[in-house]
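Assemble chains B, C and D onto chain A, guided by the hints.
Number of protein chains: 4
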Amino acid sequence: MIWKGTWLSKDEVQLNIDDPGFLYGGIAYETLRTYDLKLFAARYHYERLLTTLSHLGLELSMDYSTFREILQEGVEKLKKESSIRVIVVPRGRFSAFEYEPAGCELIVYLQELKLQPLNFVKVKVSNVRKIDPSSTPSDLKVVGRTDILLAKRSKGDAYDVVMLGSHGQVCEGTFSNVFIVKKGKVITPSLDSGILPGITRLNVIKLCENLAIDVEERWVEPSELYGADEMFLTHTSRGIVPVNELDGWRRFNTELGKFLASKFEDFIKTVKENWL
Amino acid sequence: MIWKGTWLSKDEVQLNIDDPGFLYGGIAYETLRTYDLKLFAARYHYERLLTTLSHLGLELSMDYSTFREILQEGVEKLKKESSIRVIVVPRGRFSAFEYEPAGCELIVYLQELKLQPLNFVKVKVSNVRKIDPSSTPSDLKVVGRTDILLAKRSKGDAYDVVMLGSHGQVCEGTFSNVFIVKKGKVITPSLDSGILPGITRLNVIKLCENLAIDVEERWVEPSELYGADEMFLTHTSRGIVPVNELDGWRRFNTELGKFLASKFEDFIKTVKENWL
Amino acid sequence: MIWKGTWLSKDEVQLNIDDPGFLYGGIAYETLRTYDLKLFAARYHYERLLTTLSHLGLELSMDYSTFREILQEGVEKLKKESSIRVIVVPRGRFSAFEYEPAGCELIVYLQELKLQPLNFVKVKVSNVRKIDPSSTPSDLKVVGRTDILLAKRSKGDAYDVVMLGSHGQVCEGTFSNVFIVKKGKVITPSLDSGILPGITRLNVIKLCENLAIDVEERWVEPSELYGADEMFLTHTSRGIVPVNELDGWRRFNTELGKFLASKFEDFIKTVKENWL
Amino acid sequence: MIWKGTWLSKDEVQLNIDDPGFLYGGIAYETLRTYDLKLFAARYHYERLLTTLSHLGLELSMDYSTFREILQEGVEKLKKESSIRVIVVPRGRFSAFEYEPAGCELIVYLQELKLQPLNFVKVKVSNVRKIDPSSTPSDLKVVGRTDILLAKRSKGDAYDVVMLGSHGQVCEGTFSNVFIVKKGKVITPSLDSGILPGITRLNVIKLCENLAIDVEERWVEPSELYGADEMFLTHTSRGIVPVNELDGWRRFNTELGKFLASKFEDFIKTVKENWL
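Residue numbers (my numbering), protein chains in the order written: chain A, 1 to 276; chain B, 1 to 276; chain C, 1 to 276; chain D, 1 to 276.
Just so you know, these hints were derived from the structure itself, not from any lab. Predicted, not measured: the structure shown is a model, and the values here were computed from it. It is possible that some hints are incorrect.
Note: identical chains are not told apart, hence a pair may lie in one copy or across any two.
[As the list claims (entries may be wrong)] Capping the alpha-carbon separation at 25 angstroms, the derived lysine-lysine pairs in DSS-like fashion look like this:
no., residue 1, residue 2
1, K155, K183
2, K38, K4
3, K182, K122
Chain A extracted, bound-state conformation:
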């Protein structure tokens, strides 16, 4: 189902071949999901979308409650646990020479959330560095970020690939945040490492605090990744994903990761900010 002013089926909607977003880029996006048919962390996603848009010089002429209503309406039509991709396409004077946005349009893609069970989760470290914030803000979430595209290319049978930053610090996966466990302590790259402020990441930090588990947000070295006791990824659709193997040879314990995963869904349901 597609929302483009109104809810339509995929075949009812087409794009102009000269849509500026298609020809010149600058399409912002967010990925959301529901729990029990209720939108999870919609406010966080909406605000992160506004941040991306402001980097691009765009303003969304739609307040949060309208945004929320449209999405919730779609979920109710579908009547299923949903995976939602929201994109904002710029409008304006674009060419090879110009990028003068004037307005933008929201499009929503909504479909049933289907999660295949995960067995043995493999992760790789990419040799593509995350783009430095001096070139592109870490929280600019647009279609076709070249670092992410290129890193994804080497994914093979891995669940996700982890990218290092411009100084070689550990950053994040192409669609997930990275956590390691060392001697019972949970460690994750700080926002100033040059990462996207993941919403699940934030919830996991709160969960650890709630469980009185030590959490450190700071720069993380590649050596710490390989020397970790455990590693897990976090992202919207799956929450916490314990990692079994890094780079095809490094096996991890998954005890604390699995424990946190088992507590995750109940915990996030208790956090008011996730359901505004």
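Positioned in the frame of chain A, the structure of chains B, C and D alone reads:
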């Protein structure tokens, strides 16, 4: 006019709303032009396109002579000096989690080349750094490179904005290469500064050599930009563009730039490689 | 005059040829001066010295009041406005293979402060980048920092050379901090640009605030240096040094710089923290 | 034994307390050794010393044959396998404000080469990045390079610490070059990774070629270090040092490293360039 398997008018072609290039990026492009209705440097552009595609894991199943014929056919239909935008859209399994290209499709946009006369050419230096090659190869020419998009945002009434590289070295404009003149010598950032290997740039270097003017390709410091006697930009549609003013206050002489511009068209017509 | 446990003349003191600081480096230093025979900002310098020592794994077994007394005693012996270089030489197991500091020794060089009048102050921008904090903390003030040494080499007849940082941002001179003036506003690189926290810099910021002049501490681009209305340097021995010319061609106004310089000495005498 | 114009014992030589090298840095050095009382690779070391000096704006007024003679004379006096540290101390106008070298002085430290047997060789990866070449050339071999000093601090019981470069690429140890072995192939960071052109490194590459073992010089990722089959270090005094353990947990096979080490001494004796 659009070529998508065959030549059509803009209104006859539409895109699916879930075109992977639209939703996930990875659209390669090149911009070409004609001189006297003949394609300029088409071979260079074709090969640079292949380079971009190979970075993306894509292969174009179309050899150069077919590529050339299609473009030339379009020009002959239009019967006008043409500006041509060629894009290659990936096909395959794409999602928030995957980028597994399988094939790609060429689309050609062709329209009359209209160049407004330029009077007083202003240029700015952007504070957005060019993406470092460790994150994205400099010769990956895709739609929506975020560094270029963000740099274009601050263009205002400037003709183009010049970007510095990740170490602060002078790189290039968002659609042009940069040259300076100092004491009769022509200086331009070397390819290893992290720039796109511009085709007009290459022709200008050859032109200087042909005219026995010293040319240096090397890392250029911002201080040299401000301290230059002259500055000019080069790009496909206009060839050589002498710059009158940098950052709203630094005025340049344009003597050598204008002289080179006056020789440019005749010169490139004599270079066999441009017309293969 | 040299203090090495006690005050001696230069000829009375010698070093062992295998002094580890000489052979393996790691010598911390600070440069102080007096006003009216009283030590200026000695506490700040002492604390900055401790920071450098802690980066090196060294601890100075001398508290501030003893440190201060020794220096003041020297000044009183000399009975002249003094320029003081304090160095701390590491002791321990050093070799090509090891750096295991065990203790350190303070040496003080004290001589009359002689300042030649400055006429036309020239400054250059170096093409040597400041070492990135990921390699060496910006506030590690040791003898023989290679970036400073190499930048100094191109000084020629300039008063100081300004270094850009690893991303091309404006940092500081080899012995001074940099300020620019634009439309009546005073702008200086923020500490997170990767600069030494200059003590005179701090006093100048306070002076501006005291005079209700806008001061911005933030990342500064090279373009802003060349486009500034004024530029001035600050360092301990001279306070504020208005710059007349940058890179041999860019002339600056010096009005606000001279005004601030005229207020500087009276102001710093009123700031209690400078005389602790 | 010290050579300072003539051979003296350590106690016969002292330094002035205001030696510019001591106070302001810029002391070049090289470390050599003998095999069978003959200088190994003296010409390479001499030339590398000249490179360092040229970066510093210094010229050594001593040709290679004189340099060689002095060192060989020392070895003959000592009549023992020797470890030699050669330093070149700058002379000129140095101060906090100036670095204007005018001449320099060679000092030689010579002592018996004593190598303790190595059992279990541990190595760590440092979190101090190698200084980027834009700040300091990789082949500037001076006393007190702050990156090396700071990396050495965390050595603990490790034999050496490996430093990553400014982009996170594997560079080298604080006194050694790094090699890994993967599937029978020997891999070492290329010179453009930002490393010192090690003389033993060069000999090891030649040895591998001589033994028809594949050698790759290229950028090496941290992931490759941890995923390697073997790792070994190379440096002048010991030649090849197979590594048993990285970061306290990653154990390596040492088969090929030991094999190469067993061939090393005989091989280098056959290479004419080592004995010029």
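Hint check:
no.: 1; hint: K155 / K183; result: between (29 angstroms within a copy, 22 angstroms between copies)
no.: 2; hint: K38 / K4; result: within (21 angstroms within a copy, 42 angstroms between copies)
no.: 3; hint: K182 / K122; result: both (19 angstroms within a copy, 21 angstroms between copies)
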